[in-house]
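Based on the sequences and whatever the hints tell you, model everything.
Here is what each chain is made of, one letter per residue.
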Amino acid sequence: MIGAASLFGLVAALTGDGWRDVLSWAGLAIPLAATGWAMRAKRY
Amino acid sequence: MTRGAIRAWFLVHKWSSILCTAFLLMLCLTGLPLIFHDEIDAATGHALPVAGPPSSGNAPGLLPLDAVLRRALAERPGEVPVFMAFDNDGPSMTVTTAPRPDSPGADMTLQILDRTTGRPVGAVEEGGVMAFLLQLHTDMFLGLPGMLFLGAMGLLFFAAIVSGVVLYAPFMRKLDFGTLRVSRSRRVKWLDHHNLLGIVAVAWMSVVGLTGVVNTLATPILKLWQARELADMTRAYAGRPALPPTRYGSLDRAMATARAALPGVRPQFIAFPGGSYSSRHHYAVFFQGDTPLTERALTPALIDGETGALTDARPMPWYALALSYSQPLHFGDYGGLPLKLLWAALTGFTIVVLGSGLYLWLGKRRPTDARVREIERGGVAA
Chain U
1 MIGAASLFGL VAALTGDGWR DVLSWAGLAI PLAATGWAMR AKRY
Chain R
45 MTRGAIRAWF LVHKWSSILC TAFLLMLCLT GLPLIFHDEI DAATGHALPV AGPPSSGNAP
105 GLLPLDAVLR RALAERPGEV PVFMAFDNDG PSMTVTTAPR PDSPGADMTL QILDRTTGRP
165 VGAVEEGGVM AFLLQLHTDM FLGLPGMLFL GAMGLLFFAA IVSGVVLYAP FMRKLDFGTL
225 RVSRSRRVKW LDHHNLLGIV AVAWMSVVGL TGVVNTLATP ILKLWQAREL ADMTRAYAGR
285 PALPPTRYGS LDRAMATARA ALPGVRPQFI AFPGGSYSSR HHYAVFFQGD TPLTERALTP
345 ALIDGETGAL TDARPMPWYA LALSYSQPLH FGDYGGLPLK LLWAALTGFT IVVLGSGLYL
405 WLGKRRPTDA RVREIERGGV AA
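Quick note, the sequences are listed as chains U and R, same order.
The numbering used here numbers the first residue of the first sequence as 1 and each following residue consecutively.
The numbering used here numbers the first residue of the second sequence as 45 and each following residue consecutively.
Everything labelled a hint here was simulated from the structure, so no lab data went into it.
Please note that the accuracy of each hint is not assured.
[Unchecked claim] One side only, chain U facing chain R, incomplete, derived with CB under 8 Å: (1) G3; (2) A13; (3) A38.
[Said to hold, decoys possible] Derived DSS-like pairs (lysine-lysine); straight-line CA-CA distance at most 25 Å: (4) R:K408 / R:K58; (5) R:K218 / U:K42; (6) R:K408 / R:K233; (7) R:K233 / R:K218; (8) R:K58 / R:K218; (9) U:K42 / R:K233.
Cβ coordinates follow ideal geometry from the N, Cα and C atoms, glycine included.
This is how it looks when you write it as C-alpha cells:
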C-alpha cells in the first residue's frame with residue numbers, strides 16, 4: 001500500500017498543477033510518515 | 045519459499061548490492077544538491093527574470109526570432125546557430141552557437157537573451173560546483189562510456205531492490221511491520237533499519253533508479269531516432285549536400301509554417317540544420333503537447349531550412365517518449381518545492397539503506413548458510 005501510494009504520488013503531479021501537486025506530496029509523504037510511526041511505536 | 049530459493053535470492057541481493065553500492069552512494073550524494081539547482085541558481089544570482097510575455101508565444105512586444113538570432117550571432121562572430129530554446133513563463137530564451145553545425149557540446153556557447161529587448165540576461169555559469177556535480181553524476185567525466193557504466197549500475201541497483209523485496213517477505217514472517225530492534229546488537233538494529241527504509245521507499249527507489257538508467261541511454265536513443273524516424277521524414281533529401289549556414293532562410297517564416305502545421309501548441313526549442321536533433325537541411329521545431337501530462341511529449345516539425353516549406357511533422361516514437369518522461373521522474377522537479385524536499389528525504393533514506401547494507405556486509409562475517417537460515421526463520425538471528 002505504501003508502494004502504491006508512492007507510485008500514485010509520483011504520477012499525480014505529472015498530470016497537472018494545484019491539487020494534483022498536493023496529492024503528489026501526500027502520496028510521497030506516506031513513506032516518511034510510516035518511518036516516523038515505526039520509530040515511535042515499534043522500537044524495542 | 046524453499047531454502048534453495050532463499051539462498052539464490054540472497055546471493056543475487058548480496059552481489060548486485062556489493063557491485064553497485066559505491067556508485068549509488070556517489071549518485072545519491074551528488075544528486076542531493078542537484079535536486080535544488082534552481083533554488084541554488086536563484087540564491088547565487090544566476091536566476092532568470094520572469095516578468096513579460098512567454099518567449100514561446102507570439103505576443104506583441106516580442107522581437108522577431110531573426111532579430112534575436114542576429115543579436116546572438118553578433119556576440120559570437122564566426123559561429124553558427126545550433127539551438128534556440130524558449131520559456132513558457134517569461135521572455136527569456138536561449139541561443140546556442142558553435143564553430144560548426146555538428147560541433148560537440150563542449151564547443152557550444154549558450155546565451156540567455158530577453159526576447160522583448162534582445163539583450164543578454166542572467167549569467168551562464170561555465171564550471172563551478174553545480175556543473176562539477178552534474179558532470180560527476182551524469183558520466184563521471186567519462187562521456188558516453190561513463191553514462192552507460194552508470195546505467196549498468198542502475199540495473200544492478202534495481203536487481204538489488206527486487207531481490208531485497210523477495211527476501212523481505214520470509215524475513216518479516218514473524219516480525220510486525222516497522223519493527224526496529226534497537227536494544228539488541230548493532231547489527232540487528234541496522235538490519236531492521238535497512239529493511240524498513242528499503243521497503244517503504246521501494247517504489248520511489250525503483251522509479252528513480254530505472255529512470256536514471258533510461259537517462260543514461262539518451263545518446264543511443266537520439267541516434268536511433270535519427271537513423272529511423274528522422275531519416276524517414278527526410279528521405280527526399282537523402283544524398284543532398286548539407287545546407288550551409290549562409291543560406292539559412294528566415295527563422296520567423298519557418299516558425300510560422302510550423303505553427304500552421306501544428307496549431308495550438310507551444311514550441312519548446314528549435315534545432316538548426318546539421319546538428320543531432322535535425323537533418324542537414326531542416327529547421328526542426330519541437331512542439332510540446334497541449335496538456336500538463338502531454339507537454340513532455342514532443343512533436344518535431346521539419347521545415348526546409350532554405351525555402352521555409354514544411355517537409356513533415358510527426359510525434360516522437362515511444363522510446364523517445366520514455367526518455368522525455370524519465371527526466372522529470374528522475375529529477376523530481378515537476379511538483380514544486382515540497383516535492384523536491386520529499387525527493388531529498390527519500391534520497392536520504394536511500395543513502396541510509398546503502399550505507400547500512402555496506403555496514404552489514406563489512407561487519408562480522410558469517411557464512412551464507414547462517415544468513416539464509418536467519419531469513420528462513422523469519423528474522424530470528426541464528
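Outcome of the hint check:
1. G3: 4 Å, holds
2. A13: 3 Å, holds
3. A38: 3 Å, holds
4. R:K408 / R:K58: 15 Å, holds
5. R:K218 / U:K42: With a Cα-Cα distance of about 14 Å, the restraint between R:K218 and U:K42 holds, given a limit of 25 Å.
6. R:K408 / R:K233: Measuring from Cα to Cα gives roughly 14 Å; hence the hint holds.
7. R:K233 / R:K218: 16 Å, holds
8. R:K58 / R:K218: Holds, at roughly 23 Å.
9. U:K42 / R:K233: 12 Å, holds
No hint from the list above goes unmet by this structure.
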